[in-house]
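Asker: So the chains spell out like this:
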Amino acid sequence: MKQIIQISGFLALKEIWRNRSRFLLVSLVIALITLLVLFIAALGEGLGNGNREYISKLDAELITYQSKSDFLIAASRLSKDRLAAIRRVDGVADVGMLGTANATLILPGDVEPLKVALLGVQPGHTGEPAVVQGQQLGTDLSDEVIIDKNTALRSDLQIGENLTIRVTQGTKDEFYTLRIVGISDGQQYSLQPSVFVPFYAWDRIKPKSEAEINSSNPVANVILVKLIDPEAIEEVSANIAAQVNNVETATLKEAIQALPGYSAQQSTLNLQGGFTLFIGVLVIGGFFQIQILQKVAQIGVLKAIGTANPIIAMASILQIVVVTMVGVAIGGFMTFLFSLSFPPTVPIVFNGTTTAVAIIALLMIGPLSGLVSTRYAVRIEPLKALGLS
Amino acid sequence: MMNTYALETENVTKTYQSESGVINAVDEVSLQVKPGEFVALVGPSGSGKTTMLSILAALLKPTSGKVILDGQDLAAMNEKDRVAMRRNKIGFTFQANNLVPYLSAVENVELMLRLNGRLDKTGKIRSRELLARLGLAERLHNLPGQMSGGQQQRVAIARAMIHNPSLVLADEPTASLDTERAYQVVETFAGLIHEQNRAGIMVTHDLRMCEYVDRVFQMRDGKLVQIYSTKSEIMELVKGRHD
Chain A
903 MKQIIQISGF LALKEIWRNR SRFLLVSLVI ALITLLVLFI AALGEGLGNG
953 NREYISKLDA ELITYQSKSD FLIAASRLSK DRLAAIRRVD GVADVGMLGT
1003 ANATLILPGD VEPLKVALLG VQPGHTGEPA VVQGQQLGTD LSDEVIIDKN
1053 TALRSDLQIG ENLTIRVTQG TKDEFYTLRI VGISDGQQYS LQPSVFVPFY
1103 AWDRIKPKSE AEINSSNPVA NVILVKLIDP EAIEEVSANI AAQVNNVETA
1153 TLKEAIQALP GYSAQQSTLN LQGGFTLFIG VLVIGGFFQI QILQKVAQIG
1203 VLKAIGTANP IIAMASILQI VVVTMVGVAI GGFMTFLFSL SFPPTVPIVF
1253 NGTTTAVAII ALLMIGPLSG LVSTRYAVRI EPLKALGLS
Chain B
9 MMNTYALETE NVTKTYQSES GVINAVDEVS LQVKPGEFVA LVGPSGSGKT
59 TMLSILAALL KPTSGKVILD GQDLAAMNEK DRVAMRRNKI GFTFQANNLV
109 PYLSAVENVE LMLRLNGRLD KTGKIRSREL LARLGLAERL HNLPGQMSGG
159 QQQRVAIARA MIHNPSLVLA DEPTASLDTE RAYQVVETFA GLIHEQNRAG
209 IMVTHDLRMC EYVDRVFQMR DGKLVQIYST KSEIMELVKG RHD
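Chains as they are written, first to last, in our numbering: chain A, 903 to 1291; chain B, 9 to 251.
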C-alpha cells in the first residue's frame, strides 16, 4: 500500500508539475466555482439573516397568532385580553406583545432617510432586545427607543440623541421625536434595520389608516410566549390552544419558515448553489475524461511495463484531489479578498458552518466527477501500447 | 533435466472468432531462446508476429500452449501475476509513445526500478551510467519531447534493460528512424543483450536489421515457417531482400 501511494504520488505530481499551466487553468476554473458557491452561500445566509434575525434571537419559545392568520405576523391581530388569557396558561413564564410596522427615520443634514422596521415591544418583557450599550426601555408609554446595531451603523446616531420618525397616519405625514436610550446587537426584521419603542408609544406613532386614528384599543400583531420549561413546547402549545380562543401558536422555527418570502428565497439560493456545484462536477469530470482519452497510449505503456491497476487508479484520483484542493484554496482566498471590499450594508454573511459545508461539498465534487475517468483509466488494455486493442 | 532456455514456447495458439469463422492468429508455434541470444521475429503484416510478441510479453493469454519464462508458465498465470512478470522479468520497447512524456530520460529509466521497489542509490547511479553508455549523458534531464526519435528509442532500451530482466522485447524499434540511426540502435541493443546475457527478441519488418541477430524466426499466416540459424543463412536473407 505504501508503495502504491509512493509511485502513484510520484507519477501524479510529476505530471501535474510538468503540465502545470494546464492544470492551473483547471484549478482556476474550480476557484471561480468556489467563489461563486461561497458567495451564494453567504448571500443566502445574509438574506436569511436579514429576514429572521430578530425572530431567531428572541428569548421566547412560542409565538401566538390570531387563528387562521397562516403564521403571517403582519396579518395577525391580537387584542390585550388575549395577553391576559395566555399569561394564565400553565407553563407560561412571560408574555410580551409585539407590534410590527414600517417607518422612515429622518436623519439630520442631507442624509437619505432610512427605512426601518418599527417594532413595539413591552419593556421588561420578552420581545425587548437586550442592549449592548445604554439602557433598556423605561415604561410602556415613554418616548424612548432602542435602535439595533444596523440602524446605529447606517444613521450614525448615538445614545442620548433624539431621532425623528416619519409615518403616515390617515392622509397626513406625522413626525415623532424619540430619545435613544440604548443600542442592541443586530436585530434586523424583514430585511430592514430595527428600532424598538415601548408598545403603547408604538401604538400611538405607528402608521394608521383614517379609521384607526381614533381607535383607542391597542392591538398587537402577535404575542411572544416564554416558557418556564423550554422543553415543554408541545404541552404548553396544546394548553394555549385549549384555553385561549381564536389563537394559534408556532415555534420560532415555524415562524421563521412562514416569514414572507423566506423559504422561497432560501430554496432559490440553495438551488443555485446546487446547480453551481453540479456545473463544477461536469467541468472537472469533462476535463479529466478528455485528458484520459488523450493518454490512452501512454497509460497502455505504463501498464505494459508492469504498472499495476491500483497505481494507475490512485494516480488519477490523487491528481483530481490535488487540482481540486488547489482550486478551492485559491477560490477561498479570492472570496476572502472580495469579502473585505464589501460595505457592511451588503447582506453577505460568512457563517462558519455554512462555509464549511460549502467547502466540503466543493472538495467532494472533484473525486466524484473523476470516478468516470478513473474507471476508464483502469479499463485501458495494456495491449494499447502495441497499437492493438 | 535443467532448463537451458530463458524462454520456451510449446505449441502456442491464439484463435479469434470472426464473421468468416475461426482465425488462428498464431498457430502451434514452438520456439526457444537462450540467455544471451538475440533473435528476430519477422514476417509480413498479418503473419501473427505482433500477436506472438503480445503473448511472449505476458500481455495476451494464448488460447492453448505453454509460454515458459524462467521456468514459469505465463499462459497459466492470472492477470496479477502476469503484471508482476512484466514488471520483474520482462523489458519492453515499443514502436511509438514509448516513454512517459512527463518524466525525464533518467526518470523514465528509474521508473522500472521504482515500480519494482528497487530504486536505491546504486540504481540511480546505474541508470545514469547506462544512459551515458547509450550516448545520452547530456540528455539525462530532458523530457521525451525534447529528444529525437533515436534518442527516445535509446532511452527506451535503457528502460528495458535497467532492471535486469530475463527477456527483452522490442517491437519495431526502428520504425520511426532513418537507416543510419536504425542500424545504430539495433547494434547497441544487440551489444547490450549479448553482454548482459539476456534473451532478446526483436519484431521487425525490416530484414536489414537482422544483420545483428543470432537467429531469425520467420512467420507466415500464424505459423513459424522458417528458422535461420547460421550467419550465412541470415546474411543471405538480409541481402536477398536488400537487392
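You may find that some hints are simply not true.
Below, in silico cross-link-like pairs of lysine to any residue (SDA-like), each with a Cα-Cα straight-line distance of 20 Å or less [said to hold, decoys possible]:
1. K916/A - K97/B
2. K74/B - R90/B
3. K916/A - I76/B
4. K904/A - K74/B
5. K1286/A - A183/B
6. K1128/A - V1149/A
7. K129/B - Q908/A
8. K916/A - Y110/B
9. K1110/A - Q908/A
10. K916/A - R90/B
11. K97/B - Y110/B
12. K916/A - M1216/A
13. K959/A - P1162/A
14. K239/B - D229/B
15. K1286/A - L127/B
Covered by chain B, per the in silico footprint, the following chain A stretches (three or more residues, Cβ under 8 Å) [what the hints assert, rightly or not]:
16. 1074-1082
17. 1198-1204
18. 1259-1265
The set of hints was computed from the structure by calculation and includes no laboratory data.
Glycine residues also receive a C-beta, built at the ideal position from the N, C-alpha and C atoms.
Asker: Each hint should be assessed against the structure and marked as holding or not.
Answerer: Cross-check of the supplied hints:
no.	hint	result
1	K916/A - K97/B	violated (26 Å)
2	K74/B - R90/B	holds (14 Å)
3	K916/A - I76/B	violated (37 Å)
4	K904/A - K74/B	violated (35 Å)
5	K1286/A - A183/B	holds (17 Å)
6	K1128/A - V1149/A	holds (16 Å)
7	K129/B - Q908/A	holds (17 Å)
8	K916/A - Y110/B	holds (7 Å)
9	K1110/A - Q908/A	violated (76 Å)
10	K916/A - R90/B	violated (27 Å)
11	K97/B - Y110/B	violated (25 Å)
12	K916/A - M1216/A	holds (14 Å)
13	K959/A - P1162/A	holds (18 Å)
14	K239/B - D229/B	violated (26 Å)
15	K1286/A - L127/B	violated (27 Å)
16	1074-1082	violated (count 0)
17	1198-1204	holds (count 5)
18	1259-1265	violated (count 0)
Violated hints, listed in ascending order, are 1, 3, 4, 9, 10, 11, 14, 15, 16 and 18; each of the other numbered hints is respected by the structure.
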